[in-house]
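Spelled out from the first residue to the last, the chains are:
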Amino acid sequence: MKLKTIRDYHLAYRQLDQEPFTQEVKLALLASYTNDFILPLLQVDLMRGGIRSDLYKPRFNQFRQEILDGNSGLYAAQPDITIISFHLEDVFPIFETDPSDVAQEVLSLCESVIRSYRQFATPGSQLFIQNWIAPIHCYDPLVRTEFALASLVERLNRELAALAGKTAGVHVMDYARLAQQCGLERWTDARTYYTARIPIAQEHWIALSKFYAAYIRAALGMDFKCVVLDLDNTLWGGVLGEDGIEGIRLGESYPGLTFRRFQQYLLGLYDHGYILAIASKNNQEDVLEVLRNHPAMALREKHFAVIKANWHEKAQNIQEISEEIHLSIDHMLFVDDNPVEIEKVKLTLPGITCLQIESPPLNFLRQFQELRCFGKLHVTDEDRLRGQQYFDDRQRREFKQTVGTIEAFYQSLGQRMTIYTNYDGHLARIAQLSQRTNQFNLTTIRLAEADVALMMADPDYLLLTADLSDRFGDSGTIAFVQVRKQKRVWRIENFLMSCRVLGRTVEETLLNYIFDRAAAETVVTIEGAYIPTKKNAPFARFYLSHAFSPAGDNRYAKQVALHEPSAAFIEIFEHETRMENVG
Amino acid sequence: MLDRIRQIVADITQNDVASVTTDSNSQNLDGWDSVAQINITVAIEEEFGVAFSAEEMHALNSVKKIVDALRLVPS
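From first to last, the protein sequence lines stand for chains H and D.
Residue numbers for the first sequence, in the working numbering: 1 to 583.
Residue numbers for the second sequence, in the working numbering: 1 to 75.
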C-alpha cells in the first residue's frame, strides 16, 4: 500500500503487527512540545524499512527531568536511540527578552544532557539532539542584526554541532534544514500550534517522520553501499550503440544538462564513500571510449568499482558485481530508466532495491531523497578514499589473472601492514567497520563509538587495527581485532576484516601477530569466538582451519606454544604511538 | 459521508468501526483523547478537503459535530 496521506499511515499502523521485520530498536522520544502525532507515522515508516520499534515517550516537557535523573523512566527503558527535540521558546522563557545570555544557557543545558546521557544510558546507546529554528513569533528584521533571534539560532546550531562532535554516539538531528527544505513559512500551522502545542504543520508530518526514520536507519548502520547504474538514457540521453559518442545527449543544454547534473550528484555520493558500478547492455569498448574521452562526462573510468557493459542479463551482471566486490545484494541500489529491466532484476534478485529513474532525469534529486537511504552520521577518512580503493582492487584483480600462482601473486603485491594498538584515532572507523562488515565478522557484535571508547580506556582490552597498502595503492584501515586479556588466556572477542581485502592473507598475518604478542607476555592459551550468522558462514571454520580446538559455546582454543606461523606475505609495521597496556 | 467519518474515527482511536456511531464523542469513546482529537480533525480535513478554524479543531469532539460542520461546508 502506498503511504501518501496521514490516513494511509493510520490504516497501516493498525496492521503493524502483521508486517515482517529484520531488526528491532528501542526508541525514546523526548520533546518540549506535543509530538504524539509523529509516533504512529514513525513506527510505520520504520517498519517499511524492516525495523520494528518500541517507543518510550514521557509526557511533554519532561525531558530535562528524564535525562538528568539516572533513576528516570528513560533509563529504565534502556533505549538504543534517544531523540531530544525541544523548542527554545518552550524551555527558555527568557528567550523573548534577553537573547544575549541565552546562548550560553542553551549550550550548558545541552552539555549536561550529553553528560548525563553518557553517564546513565546503556553503553552504545545513541543520542540525537534536534537543532533549532527561530521561534515563530520573533521579529526577523529585513537586514539581520547580530541580536536578531534568527542570528542567535544560527550560531547555536553551529555550536551544537561542534558540541555533539566531541562525544561518541551523540549526533545532531538537523531539524533546521528539514524546516528550510519544506519551507519555513508553512512549517508551522498556527491553529495546531496555539491549540495543541504542535509546532509542525500537518502537511509536513510525513516528511518529519521520514526524516526521523532516516536518522534512525543511519544510526543502525542501515545504508546502501553501492549504486549500480544503467548507461543509455540513465547516465546520458540516447543509445550509445545507435547514436555514437558524438550523438548521445550529455552537456550544457537540455536534455544533456540533466544527465550531467545527475552524474555530478553521483560524484557527490562517490566522494562520501558510496561505490559506483555499471551494469548496462552496451559494447565494453564503446563505453570505455565515452568514460575516457567524452568531454562532458562527470564520471570517469576511475569512479567505477566494476564495469559490466555486455549483453548478459543485468541480474547476472549485478550478481557478478556483488561477488567481485564482496558486497551483498541488499546493500545495493540498481538504477535504470527501463521498467522492464527493473522488473526482470527484481524477479531474479529479490533482495535488491531498484529505482526507475525518469529520463531525462529532471527530478533525480527528489527521487533519490525519497529513498532516504543514503545516510551516514560520520564520514570517515576511509569513506573519502573508498572509491579509489575499489578502483585499485579492480586493477589487482586484472593483475592476478596475469600472474601464475597464488603465492607469486601475493609476493608480487608487496603488501605492507601497519598495526595499531588501542589507537583512539581509529574510534570512528572501528565502529564503522563493526557496523558495515557482515562476511568476515566472526561474532557480528556491532559497536557504537561509545562502546569502543570504553574498551580503549580499559587496560584489559587490546584493540588492534590494521592498515594495508601494496603496489596498487592504499586500502586504508581494513581490520579490527578485539582481545580481552586475562593473565593466561587471551580471548579474541571480535575479529573482523573488510571484505575488500579477502584473499590477501590479512587474517593469517593478524593471527600470527596476536600469537607473537601473546607469547611475549607469557600467555598460555588463545581463545576465539565464532557466532554464526546468515552472512558469515564462509568463515565458520576459520579457527578450526588454524588448528584451534572446539572449546564449547561457540569458542575455540589453541595453546600459544603450539602455534606455527603460516607463510608471511605481508611486511608488518607497528604504529609508533603504540601504548603498552598496564597489567 | 457518515461512514467515512466513522471509519476515520475508528482508525485513529483504534476501535472497531461498528462501535463508532453518530453519538460517539470524546467522552464516551475509548482512545478519543486530545491527541486523537487533533489527528481526527486533521484526517477529516485531508479526507474531505476542508480547513477548520482553530476553534473548530478544538470543538469538533463528536461524530455528530463533525457531520454538522461538514454539512455547512459547500462542496
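Simulated from the structure, these hints should not be mistaken for laboratory data.
Check before you lean on any hint, since a few could be wrong.
[Unchecked claim] The following label-pair restraints were derived from C-beta to C-beta distances: (1) D:G49 <-> H:I531: 35 to 43 Å; (2) D:N28 <-> H:Q65: 28 to 36 Å; (3) D:G49 <-> H:G247: 42 to 50 Å.
[Unchecked claim] Covered stretches of chain D, going by a simulated chain H footprint (3 or more residues, C-beta under 8 Å): (4) 24 to 31; (5) 34 to 42; (6) 47 to 60.
None of these values were measured; they are calculated from a predicted model.
Ideal Cβ placement from N, Cα and C applies to all residues, glycine included.
These are the hints, each one checked on the structure:
1. D:G49 <-> H:I531: 35 to 43 Å: Given range 35 to 43 Å: violated, Cβ gap about 55 Å.
2. D:N28 <-> H:Q65: 28 to 36 Å: 34 Å, holds
3. D:G49 <-> H:G247: 42 to 50 Å: 48 Å, holds
4. 24 to 31: violated (count 0)
5. 34 to 42: Per the Cβ count (6), the hint holds.
6. 47 to 60: holds (count 6)
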